[in-house]
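Asks: This is what each chain is made of:
Number of protein chains: 2
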Amino acid sequence: MLKVLTLDKARTLLLDELERLVSERHTTVAAPGETVSLAQACGRILAEAIVAPFDVPSFDRSQVDGLAVRAADTFGASEALPAILNWAGEVAMGQVATQPLAAGACFGVATGGMLPPGADAMVMIEDVEQIDDETRLVTRSVAPGSHVTRRGDDTRTGQVVLSAGRCLKSQEIGVLAALGLSQVRVMPQVRVGILSTGDELVAAGCARPDHLANGAHAATGPENVPPGTVFDVNGPMLAAAVREAHGLPVEFGIVHDQFEDLATTLQHALDQTDLVLISGGSSAGVRDYVERAIAAAGQPGVLLHGLAVKPGKPTVAGICQGKLVIGLPGHPVAAWFMFEQLVLPLLAVLGSRTPVQRTKVQARITSRIPSNHGREEFVLVRLMPADISDAGQSVAWLAEPLPTRSGLITQLSTSDGYLVIARDSEGLEAGCEVDVTLLQEGGPSWNKPI
Amino acid sequence: MLKVLTLDKARTLLLDELERLVSERHTTVAAPGETVSLAQACGRILAEAIVAPFDVPSFDRSQVDGLAVRAADTFGASEALPAILNWAGEVAMGQVATQPLAAGACFGVATGGMLPPGADAMVMIEDVEQIDDETRLVTRSVAPGSHVTRRGDDTRTGQVVLSAGRCLKSQEIGVLAALGLSQVRVMPQVRVGILSTGDELVAAGCARPDHLANGAHAATGPENVPPGTVFDVNGPMLAAAVREAHGLPVEFGIVHDQFEDLATTLQHALDQTDLVLISGGSSAGVRDYVERAIAAAGQPGVLLHGLAVKPGKPTVAGICQGKLVIGLPGHPVAAWFMFEQLVLPLLAVLGSRTPVQRTKVQARITSRIPSNHGREEFVLVRLMPADISDAGQSVAWLAEPLPTRSGLITQLSTSDGYLVIARDSEGLEAGCEVDVTLLQEGGPSWNKPI
Numbered sequence: 001m002l003k004v005l006t007l008d009k010a011r012t013l014l015l016d017e018l019e020r021l022v023s024e025r026h027t028t029v030a031a032p033g034e035t036v037s038l039a040q041a042c043g044r045i046l047a048e049a050i051v052a053p054f055d056v057p058s059f060d061r062s063q064v065d066g067l068a069v070r071a072a073d074t075f076g077a078s079e080a081l082p083a084i085l086n087w088a089g090e091v092a093m094g095q096v097a098t099q100p101l102a103a104g105a106c107f108g109v110a111t112g113g114m115l116p117p118g119a120d121a122m123v124m125i126e127d128v129e130q131i132d133d134e135t136r137l138v139t140r141s142v143a144p145g146s147h148v149t150r151r152g153d154d155t156r157t158g159q160v161v162l163s164a165g166r167c168l169k170s171q172e173i174g175v176l177a178a179l180g181l182s183q184v185r186v187m188p189q190v191r192v193g194i195l196s197t198g199d200e201l202v203a204a205g206c207a208r209p210d211h212l213a214n215g216a217h218a219a220t221g222p223e224n225v226p227p228g229t230v231f232d233v234n235g236p237m238l239a240a241a242v243r244e245a246h247g248l249p250v251e252f253g254i255v256h257d258q259f260e261d262l263a264t265t266l267q268h269a270l271d272q273t274d275l276v277l278i279s280g281g282s283s284a285g286v287r288d289y290v291e292r293a294i295a296a297a298g299q300p301g302v303l304l305h306g307l308a309v310k311p312g313k314p315t316v317a318g319i320c321q322g323k324l325v326i327g328l329p330g331h332p333v334a335a336w337f338m339f340e341q342l343v344l345p346l347l348a349v350l351g352s353r354t355p356v357q358r359t360k361v362q363a364r365i366t367s368r369i370p371s372n373h374g375r376e377e378f379v380l381v382r383l384m385p386a387d388i389s390d391a392g393q394s395v396a397w398l399a400e401p402l403p404t405r406s407g408l409i410t411q412l413s414t415s416d417g418y419l420v421i422a423r424d425s426e427g428l429e430a431g432c433e434v435d436v437t438l439l440q441e442g443g444p445s446w447n448k449p450i
Numbered sequence: 001m002l003k004v005l006t007l008d009k010a011r012t013l014l015l016d017e018l019e020r021l022v023s024e025r026h027t028t029v030a031a032p033g034e035t036v037s038l039a040q041a042c043g044r045i046l047a048e049a050i051v052a053p054f055d056v057p058s059f060d061r062s063q064v065d066g067l068a069v070r071a072a073d074t075f076g077a078s079e080a081l082p083a084i085l086n087w088a089g090e091v092a093m094g095q096v097a098t099q100p101l102a103a104g105a106c107f108g109v110a111t112g113g114m115l116p117p118g119a120d121a122m123v124m125i126e127d128v129e130q131i132d133d134e135t136r137l138v139t140r141s142v143a144p145g146s147h148v149t150r151r152g153d154d155t156r157t158g159q160v161v162l163s164a165g166r167c168l169k170s171q172e173i174g175v176l177a178a179l180g181l182s183q184v185r186v187m188p189q190v191r192v193g194i195l196s197t198g199d200e201l202v203a204a205g206c207a208r209p210d211h212l213a214n215g216a217h218a219a220t221g222p223e224n225v226p227p228g229t230v231f232d233v234n235g236p237m238l239a240a241a242v243r244e245a246h247g248l249p250v251e252f253g254i255v256h257d258q259f260e261d262l263a264t265t266l267q268h269a270l271d272q273t274d275l276v277l278i279s280g281g282s283s284a285g286v287r288d289y290v291e292r293a294i295a296a297a298g299q300p301g302v303l304l305h306g307l308a309v310k311p312g313k314p315t316v317a318g319i320c321q322g323k324l325v326i327g328l329p330g331h332p333v334a335a336w337f338m339f340e341q342l343v344l345p346l347l348a349v350l351g352s353r354t355p356v357q358r359t360k361v362q363a364r365i366t367s368r369i370p371s372n373h374g375r376e377e378f379v380l381v382r383l384m385p386a387d388i389s390d391a392g393q394s395v396a397w398l399a400e401p402l403p404t405r406s407g408l409i410t411q412l413s414t415s416d417g418y419l420v421i422a423r424d425s426e427g428l429e430a431g432c433e434v435d436v437t438l439l440q441e442g443g444p445s446w447n448k449p450i
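Here the protein sequences line up with chains A and B, keeping their order.
Note that the working numbering has the first sequence beginning at 1, numbered continuously upward.
Note that the working numbering has the second sequence beginning at 1, numbered continuously upward.
The shape of chain A in the complex, shown without the other chains:
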């Protein structure tokens, strides 16, 4: 009999096991990664270090429109006593300056153009006067290197410009492009198997073109919901949550409450994915099937069964065939919280990336929240701006606790965030200051649509 764990202990246990599995795998498997185009690389994790194969820029480049000169030829030049230089022609953009710059001469070079050999500075066009076809006056002296990006100033040949493990944002895509790379090796996306169990579940109906045509939804109407059944919420919801965490969901649909069916589908999922999520119907029978299927799929099998947390108590987890299997609660809100709290950190490790961090704000709760001593509790809240003219207010938000029932998915969607009541607390008094983790894009929705 496994004892009920706290969420913290469960998270630590699973992270430790996973890190052991990952390090074992790294010693037996070739360097991971897949090659993708730069267009597909945005948001992915680099699988190998990028070494500059050449200097960037690969030549001395002008930063201004003006004259390429030997700086020494301009020393002492001023409006009153300009330097006189011989015009040697233009260096066209994208072309090589073939002729070296002679002493006392100058070339016209535009911004981004190549300096001719022998030139060590640029004079801005504003400080130049044309006397005739062959002569230019320079009315200000420049130091060597002025207005010039030297060859290799950005990157030198052999330099590591990006290390393995870097997240490729637009800036890094720019660095790869500067090196002329059109493809790059990135870590594979974490493949997450998703299956829902329960005889009461039915899959969402197919689109009905006649409904779409007149602007209505592709809904399965009430006449298509067999009495006593409910649509599978967890499958599509968890697939979306996996995508938000940069993973690749692999959906195995609904498995009915039959041990053999569950065992077979779990084996398919283990074969095809890196981690498996089974969201169980919450009845005792289904819970037993999930636990038995994990135990039967391989050693060490079930690692934990039951968490001291609300919602999320009926959570199961184990390891089979070197892969983690998490049995999430059947109630959608409970499944969502356990994904957020337990699965997200695991996906970060598997994907070699920084865990997703949600924004938190400080708020004052508007009413007392009772809680059961002995289990950690997540409470959904609605936020309202605090009256900042009130001198006693130290926080910008008021948090109104919402009755957090694990079956009610609509409430999860309309809440602004959640707060956590610690395991050793017997609740929070009205007026308490708490951290609220935000769930809405762009912050609290108090003045936004549902």
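Keep in mind that the hints were calculated from the coordinates and are not lab data.
Any given hint could turn out to be false.
Copies of the same chain look alike in the list, so a pair counts if it fits in one copy or across any two.
To be verified - Listed next, the in silico DSS-like pairs over lysine-lysine satisfying Cα-Cα at most 30 angstroms (straight line):
#1 K3 x K169
#2 K360 x K169
#3 K9 x K169
#4 K313 x K169
#5 K169 x K310
Assemble chain B onto chain A, guided by the hints.
Replies: Only chain B this time, still in chain A's reference frame:
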């Protein structure tokens, strides 16, 4: 001659113009939106309100494993004096309870199962004793509604569960799934045309399979960089930045410094996209082409030319054929900052979504940063943890300013963030406290790889 604008004024001008254009379009075009599957809907913006077509759940549902009863039959029950109920059978999961519950009777119902007509409460299995095949003892009284999710508790028929404009996260995908929806109408992604101009630009080389095979990169080696040319950084970088902002980049490649070519490609981009980004080579000649092409493409043409900002001065913007065209600087760091500061808010309006908010931290700068009075300045910084044992420290981070040269893309990629020097400031003294906008996933990288 257009005068140089501040960044704030330019942003306000373009946002005002865009909102006018968008509101004009809404009066002439049919309801926007495209229909996508739930799997594709994650992260998209809902284009129409979702009204529940039926009650969720569509029947009274048990929250526990136990007995469905008439609560009144249990009143006064205790361990010492249990209520005696007649066993009427099981309601199987996903099945209808056909027979109504008679007074003094009970049905076995598992979590998520349907209560039979006449039952108004559940007794938990822990509070039940089986006497024989036909009799059960209930050792605790329950109130009407106990352990039951009533029909419609989550959502009632006709209720607006999600309004148009909501961002579809995993929670909202769960709500849609609960209604049996497999498709949903979302706002189209903003299509952003991207073209790079400059005779000095070449596109990234094609992959060379021989290099890939032995683990090297698909790089174009130095022998493939024609002297005097540079690889196009802005095209791939801006495409990635558009993707990060949930837009759809449409890449038009490199246009050489020929007015007719630029005008033709701009027209293609205006035909196919919602907003066009031209990143100009920074030489005076190319700048002129971009401005002329915008002016030639339609009224009112160029709205601004030149910003009092560093980097980013040679920015141009206008409206042609009812669409915004932004001419970004050719230097990659300048182009990136002007995308961040000027284009991101415009994409948010076009996509009907909340602008992307970057995290900021407070930091103390380690050395003086001089600045030109009269233009706003963005300075890249590296962050290091402040010594928190030092009593005088009020911030957790020290910010080391990096020489921010607009051509050096590698530096943008390796910096932790940036600070802003106001237009009316002549610089910042060492030790100043500043806000640093973070650029790395998961916060400062002081202990992470390059």
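Asks: Could you run down the list of hints and mark each one as holding or not?
Replies: Structure-based check of all given hints:
no., hint, verdict
1, K3 x K169, "neither (44 angstroms within a copy, 34 angstroms between copies)"
2, K360 x K169, "both (24 angstroms within a copy, 18 angstroms between copies)"
3, K9 x K169, "between (34 angstroms within a copy, 28 angstroms between copies)"
4, K313 x K169, "between (38 angstroms within a copy, 24 angstroms between copies)"
5, K169 x K310, "between (37 angstroms within a copy, 22 angstroms between copies)"
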